[in-house]
Amino acid sequence: MPGMMDKGSEYLGKGRSNGTKSPSNASNGHFSDESGSDDEHDVGMRVGADYQAIIPEYEPGSTKYTEKDSGGMLVWSPHHTIVDSKLDEYIAIAKEKHGYNVEQALGMLFWHKHNIEKSLADLPNFTPFPDEWTVEDKVLFEQAFSFHGKSFHRIQQ
Numbered sequence: 191m192p193g194m195m196d197k198g199s200e201y202l203g204k205g206r207s208n209g210t211k212s213p214s215n216a217s218n219g220h221f222s223d224e225s226g227s228d229d230e231h232d233v234g235m236r237v238g239a240d241y242q243a244i245i246p247e248y249e250p251g252s253t254k255y256t257e258k259d260s261g262g263m264l265v266w267s268p269h270h271t272i273v274d275s276k277l278d279e280y281i282a283i284a285k286e287k288h289g290y291n292v293e294q295a296l297g298m299l300f301w302h303k304h305n306i307e308k309s310l311a312d313l314p315n316f317t318p319f320p321d322e323w324t325v326e327d328k329v330l331f332e333q334a335f336s337f338h339g340k341s342f343h344r345i346q347q
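Every number in the numbering used here is 190 more than the matching position in the sequence shown, counting from 1.
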C-alpha cells in the first residue's frame with residue numbers, strides 16, 4: 191500500500207494529466223480539457239487591447255430601424271361621427287352577446303371603418319376565445335388531470 195500512496199501524492203502534485211475534463215480554477219464552473227499546455231486553454235479574464243470590442247461612432251441621423259419595422263398595428267382610432275352612447279351600446283353588445291373585450295370590439299369597429307351596423311353583423315363571425323377559464327372549466331380540468339395525468343388526449347375526451 192505504501193507504493194500506492196506515493197503514486198497518489200505524485201498524481202495530486204502534478205495535477206490531472208490524463209485528458210479528463212475537470213472544473214477549471216475559475217469560479218464560473220466551466221469545464222476545460224487540461225491535457226494540453228496552459229497556453230492553449232487560457233482560462234480567466236481576458237484583459238488588454240486585444241480583447242476590447244470595437245464600437246462604431248454614434249451617428250444621430252442614421253437609425254437602423256424605421257417605424258415600419260416596429261410591427262405595431264393601429265387597432266382603434268376614435269371617429270368624430272360616432273356618438274358616445276352608440277359606441278357604448280355597441281361595446282355592451284359585443285361584450286355580453288359575443289364575449290369580446292373592449293379592445294377587440296373597438297378593433298372590429300375600426301376594421302369596418304367605424305360602421306357600427308357592419309361591425310355588429312360581423313361580430314358573430316369572429317367570436318374570440320375566452321381570455322380566462324370559468325370556474326367550472328378549471329374544476330373539470332383539475333378532475334380530469336388528476337384522473338388521467340398528463341394524457342391530454344384522454345382529458346380532451
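Be a bit skeptical, because a hint or two may be false.
What the hints assert, rightly or not - Here are the simulated DSS-like cross-link-like pairs (lysine-lysine), alpha carbons at most 30 Å apart as the crow flies:
| no. | residue 1 | residue 2 |
| --- | --- | --- |
| 1 | K328 | K303 |
| 2 | K285 | K303 |
| 3 | K308 | K340 |
| 4 | K276 | K287 |
| 5 | K285 | K328 |
| 6 | K328 | K276 |
| 7 | K287 | K308 |
| 8 | K340 | K328 |
| 9 | K287 | K303 |
| 10 | K287 | K340 |
Honestly, the hints are just simulated from the structure, not real lab data.
So, going through the hints one by one against the coordinates:
Straight-line distance between C-alpha atoms of K328 and K303 comes to about 38 Å, which puts the hinted pair past the 30 Å bound. Taking the CA atoms of K285 and K303, the gap is about 20 Å. The hint holds against a cut of 30 Å. Between the alpha carbons of K308 and K340 the distance comes to roughly 44 Å, so the proposed pair goes past 30 Å and is violated. This hinted pair checks out: K276 and K287 have alpha carbons roughly 16 Å apart, not beyond 30 Å.
Distance restraint check for K285 and K328: the Cα-Cα separation of roughly 22 Å lies within the 30 Å cut-off, and the hinted pair is therefore satisfied. Pair hint K328 plus K276 does not hold up; C-alpha atoms about 36 Å apart against a cutoff of 30 Å. Distance check on the hinted pair: K287 and K308 sit about 16 Å apart at the alpha-carbon level, within 30 Å; holds. For the suggested pair K340 and K328, the alpha carbons sit about 16 Å apart, so the restraint of at most 30 Å is met.
Straight-line distance between C-alpha atoms of K287 and K303 comes to about 22 Å, which keeps the hinted pair within the 30 Å bound. For the hint linking K287 to K340, the alpha-carbon distance of about 35 Å lies beyond 30 Å, and the restraint is violated.
Of the numbered hints listed earlier, those contradicted by the structure are 1, 3, 6, 10.
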